[in-house]
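**Q** Given next are the chains, with one letter for each unit.
There are 2 protein chains.
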Amino acid sequence: MRIAQVSPLIESCPPKLYGGTERIVHFLTEELVRQGHEVTLFASGDSCTAAELVSCVPKALRLVDRAGDHLPHHLAMIEQVRRRLDDFDIIHFHIDLLQLPVVQGWDTPTVTTLHGRLDLPGLEDCYRAFADVPLVSISDKQRLPLPPINWAATIYHGLPAQLLPFNAEGGDYLVFLGRISPEKRPDRAIEIAVRSGKSLKMAAKVDHADRAYWEQHIRPMVEAHDNIEFIGEVDEAGKAELVGNAGALLFPIDWPEPFGLVMIEAMSCGTPVIAWRNGSVPEVIDDGISGRIVDSMDAAVAAVDEVLAFSRAVIRSRFDARFTAARMARDYTGIYQKLVDEGARHRRASVAEFPVDAAPTAARLVSGTYETAA
Amino acid sequence: MRIAQVSPLIESCPPKLYGGTERIVHFLTEELVRQGHEVTLFASGDSCTAAELVSCVPKALRLVDRAGDHLPHHLAMIEQVRRRLDDFDIIHFHIDLLQLPVVQGWDTPTVTTLHGRLDLPGLEDCYRAFADVPLVSISDKQRLPLPPINWAATIYHGLPAQLLPFNAEGGDYLVFLGRISPEKRPDRAIEIAVRSGKSLKMAAKVDHADRAYWEQHIRPMVEAHDNIEFIGEVDEAGKAELVGNAGALLFPIDWPEPFGLVMIEAMSCGTPVIAWRNGSVPEVIDDGISGRIVDSMDAAVAAVDEVLAFSRAVIRSRFDARFTAARMARDYTGIYQKLVDEGARHRRASVAEFPVDAAPTAARLVSGTYETAA
Numbered sequence: 001m002r003i004a005q006v007s008p009l010i011e012s013c014p015p016k017l018y019g020g021t022e023r024i025v026h027f028l029t030e031e032l033v034r035q036g037h038e039v040t041l042f043a044s045g046d047s048c049t050a051a052e053l054v055s056c057v058p059k060a061l062r063l064v065d066r067a068g069d070h071l072p073h074h075l076a077m078i079e080q081v082r083r084r085l086d087d088f089d090i091i092h093f094h095i096d097l098l099q100l101p102v103v104q105g106w107d108t109p110t111v112t113t114l115h116g117r118l119d120l121p122g123l124e125d126c127y128r129a130f131a132d133v134p135l136v137s138i139s140d141k142q143r144l145p146l147p148p149i150n151w152a153a154t155i156y157h158g159l160p161a162q163l164l165p166f167n168a169e170g171g172d173y174l175v176f177l178g179r180i181s182p183e184k185r186p187d188r189a190i191e192i193a194v195r196s197g198k199s200l201k202m203a204a205k206v207d208h209a210d211r212a213y214w215e216q217h218i219r220p221m222v223e224a225h226d227n228i229e230f231i232g233e234v235d236e237a238g239k240a241e242l243v244g245n246a247g248a249l250l251f252p253i254d255w256p257e258p259f260g261l262v263m264i265e266a267m268s269c270g271t272p273v274i275a276w277r278n279g280s281v282p283e284v285i286d287d288g289i290s291g292r293i294v295d296s297m298d299a300a301v302a303a304v305d306e307v308l309a310f311s312r313a314v315i316r317s318r319f320d321a322r323f324t325a326a327r328m329a330r331d332y333t334g335i336y337q338k339l340v341d342e343g344a345r346h347r348r349a350s351v352a353e354f355p356v357d358a359a360p361t362a363a364r365l366v367s368g369t370y371e372t373a374a
Numbered sequence: 001m002r003i004a005q006v007s008p009l010i011e012s013c014p015p016k017l018y019g020g021t022e023r024i025v026h027f028l029t030e031e032l033v034r035q036g037h038e039v040t041l042f043a044s045g046d047s048c049t050a051a052e053l054v055s056c057v058p059k060a061l062r063l064v065d066r067a068g069d070h071l072p073h074h075l076a077m078i079e080q081v082r083r084r085l086d087d088f089d090i091i092h093f094h095i096d097l098l099q100l101p102v103v104q105g106w107d108t109p110t111v112t113t114l115h116g117r118l119d120l121p122g123l124e125d126c127y128r129a130f131a132d133v134p135l136v137s138i139s140d141k142q143r144l145p146l147p148p149i150n151w152a153a154t155i156y157h158g159l160p161a162q163l164l165p166f167n168a169e170g171g172d173y174l175v176f177l178g179r180i181s182p183e184k185r186p187d188r189a190i191e192i193a194v195r196s197g198k199s200l201k202m203a204a205k206v207d208h209a210d211r212a213y214w215e216q217h218i219r220p221m222v223e224a225h226d227n228i229e230f231i232g233e234v235d236e237a238g239k240a241e242l243v244g245n246a247g248a249l250l251f252p253i254d255w256p257e258p259f260g261l262v263m264i265e266a267m268s269c270g271t272p273v274i275a276w277r278n279g280s281v282p283e284v285i286d287d288g289i290s291g292r293i294v295d296s297m298d299a300a301v302a303a304v305d306e307v308l309a310f311s312r313a314v315i316r317s318r319f320d321a322r323f324t325a326a327r328m329a330r331d332y333t334g335i336y337q338k339l340v341d342e343g344a345r346h347r348r349a350s351v352a353e354f355p356v357d358a359a360p361t362a363a364r365l366v367s368g369t370y371e372t373a374a
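So the sequence lines, in the order shown, correspond to chains A and B. Quick note on UniProt numbering: the first sequence kicks off at 1 and runs consecutively. Quick note on UniProt numbering: the second sequence kicks off at 1 and runs consecutively.
Treat the hints with care, since some could be wrong.
Quick list of in silico lysine to any residue cross-link-like pairs, SDA-like style, CA-CA up to 20 Å [what the hints assert, rightly or not]: (1) Lys338/A with Gln35/A; (2) Lys59/A with Leu120/B; (3) Lys198/A with Glu229/A; (4) Lys59/B with Leu120/A; (5) Lys59/B with Arg128/A; (6) Lys205/B with Ala237/B; (7) Lys205/A with Gln216/A; (8) Lys59/B with Pro121/A; (9) Lys59/A with Glu124/B; (10) Lys59/A with Asp125/B; (11) Lys16/B with Gly178/B.
I should point out that these hints are in silico values taken from the structure, not numbers from a laboratory.
Next comes chain A alone, as it looks inside the complex (with noise of 0.2 Å):
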C-alpha cells in the first residue's frame, strides 16, 4: 500500500528529546516499511526514517530558537501532502485537529490517529462538526469525553520486540518513570515504596510547568528517605536497564492517561505494573497476569508482593500478544484497508448518483445542516 504519515513537526521521528506522538510515528513508519509498505513520511527533516522523508522543517521546532508559532509550519505541512494526494492510498494524520476541515475535500482517504487527551474545552463541539472524519483512539476510555463520530478503531500502540528486551530475571526494587508532576503522582510511588519498605529508582524529568511541585512537594519526600532514589531523565538504554531490572512498574496515576506507553515498555521487560485504575489502564494490563490494577494505597501496598511473584515470561508473553509494533502495524493496515475500499465504493456510487456537474466534493459541500452543542 502507499501509505503517508503526518508527524507533528515538534520532534524528529526519532525523537530527540520527549515526545510521545513522534515516538509512536516513527516505530509504526518503520514497521509498515517492514513489512513492505511504500511509506511516505512528512516530518521534520532531521527525522531519520527507511520511508522516503519529506522535509517540512529543517528542524524540529522544539529545537530551534525561535520557532514562533507552530500553526504556519502545520498548515504548510498539510499543503504538501495535498500537492502529492495521488501518490497515496491512505494518508495517516498524527497532528490532532488541524487537518479536519482539509481532508474533507479529499479523494484519497484519511484517517487520524488521536494521541492526547480529549477532555478540554471545545473539542467536543469541534469533533462534532466533523463527525464524518474517520478517527482512531489510542484506547475505547480515551473516547468517552467527546459525542458519537466516525471512531474506525481503537488501536493500541506498539513497541519494537526488541527495543526493551525481556529479562527474566528481573530484581527487587520499585522503578517510577515519567514525568515529576501532580497527575502522575509520584508522591504516591514515594508511599508506597515506604510503606512496603522497597527501594525506589525514580527516573523522571522535571518540566519547567513543575519545578515549584518538585522543590515543595518531591524532592522533601525524595531527601527524607533513604530508600528513595532520584535518577533524573534516562535514555532508551538505560530504560531498558533500570526497567528490566526492577521487581515492579509503579504507574498511580490521577488523570485520565489516553494509553501510558511506560506500562508496556515494563511488560516488554517483563516487569509487572502497579497502577491506578484510570484511563486505559484495565485496557492494557490484565489485572492479576501482567500487573495488578488498584483503587487505593492499601491495595497498592499489598500488591507489591504478590506482583513480584507473577512469572515474568508470562508478562512478556503478553506483550508480545498485544503490544509490538508489528501488531500496531498490522491493525492500522487493516483500517487502511478499509477506508480504501470504502472510499472506491464511495466513488462508484457518486459517479452513478450525481449528475454530470456536480463531483462528490460539491455534493458533500452543501449536507447536512450543523448542530450546536446543548
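Since chain A is already given, all that's left is putting chain B on it; use the hints.
**A** Only chain B this time, still in chain A's reference frame:
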C-alpha cells in the same frame, strides 16, 4: 451582495475589552449593512450586530475562564461557514492563517485580511504554500516580509465618521494612547513632553506581560515629572474627549506597526500626530498636513509647536477623505466584486476545459508542485 464576515472569537464584535481586529470587523460589518448589503457575521454569540449573527461560541473566548486552546473553536467555525457556502457571494476572513488550506477547495470566492505583523518565523513558508489565496494587507509596508503572493489590495482601516467627533479647538497638552510596552516607546513620549515643556496625558493599559517594564522603567519616569499624568485605560467616550481636547498625539513607535488605528482616531478629532517613521506611519500620516513624521528625538521635540499650528479642520478633512468606515467598506466591496467576477470567469473556463468527471476542485488539487523556501 451576500457577504460573510468571519471574525476571531477571542473578543466579541464590537469587543468588550481591547480587541483591534474585532473592532474593525464590527465597523466594516455595520457599514456594509448600512450600504445595503446582506451580511452574515460569524463571531462569538455575545456580539451585537445589524447583520445576521452566526454564534460560533456562546461568549468571547477571552472572557471565558476555562476556554482552553482557541484552535478547535476556530476550526469548528470554518466548518459552519463551509456548510453555508451557497448562501454567500463572497467570504471575508479575519482569522489569519487557519482557513488557508481549506478555502482552496471552495467554489465561493474568499478574501483574507491580515491584521497582524508578518515578520514572524514560519509565516513566509506558510503564505508561499498558499500563494494563490487572495489576501488584503492593511498597509503596503505590512507586506514587506512576505514573498510575492496573491495580494488583492491594500485597504486601510476606517472608523465611523461620528465615532470620535471633530474638535475644532483642541488644546495644549500632548496625549499618548495605547499599551505600555517597549515597542510603543512610552519613554520617548515622556521625553518629548519633558523637553518641550508640555503636559502629557497617558491613557494606556498595562498588560500582564509588560508589568515589569511598567514598574521598572515607565512608572518611575511618570512619577518624576509633574507634567506627566497617567490615567489608565479609557473607553470610547473618554477617548473622544481626551484626544479631541489634546494639542497633539504622540506615536513614537519602535516596531513595524501594521496600521496604527490610534493615528486615525486622532485625525478624526482633528488632532495632529507626531509619529516615528516606522511601519505604516508614512502611509497614514500626510507629513506636514495631518502630522509630522520624525526620525529622532530632536525632530520630535521641534515638531511639537509646529503641529500645534496645523489646521485641525484640514486634518479632519484628510480623515474624511481617507479613513472613514464608509470608504473602507466601499474599497472592500470593490475587491469582493472583482473576486466574484474572476470566480465566475474561472468557473466558465473550467466547464469548457475539463471533461465530465473532473470538477474544478479536483483539477486544482493536482496543480503545481510545492516549492520550499531556499
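**Q** Are the hints correct? Go through all of them and say.
**A** Hints and how they fare:
no., hint, in the structure
1, Lys338/A with Gln35/A, "holds, 18 Å"
2, Lys59/A with Leu120/B, "holds, 17 Å"
3, Lys198/A with Glu229/A, "holds, 11 Å"
4, Lys59/B with Leu120/A, "holds, 17 Å"
5, Lys59/B with Arg128/A, "holds, 19 Å"
6, Lys205/B with Ala237/B, "holds, 16 Å"
7, Lys205/A with Gln216/A, "holds, 16 Å"
8, Lys59/B with Pro121/A, "holds, 13 Å"
9, Lys59/A with Glu124/B, "holds, 16 Å"
10, Lys59/A with Asp125/B, "holds, 14 Å"
11, Lys16/B with Gly178/B, "holds, 16 Å"
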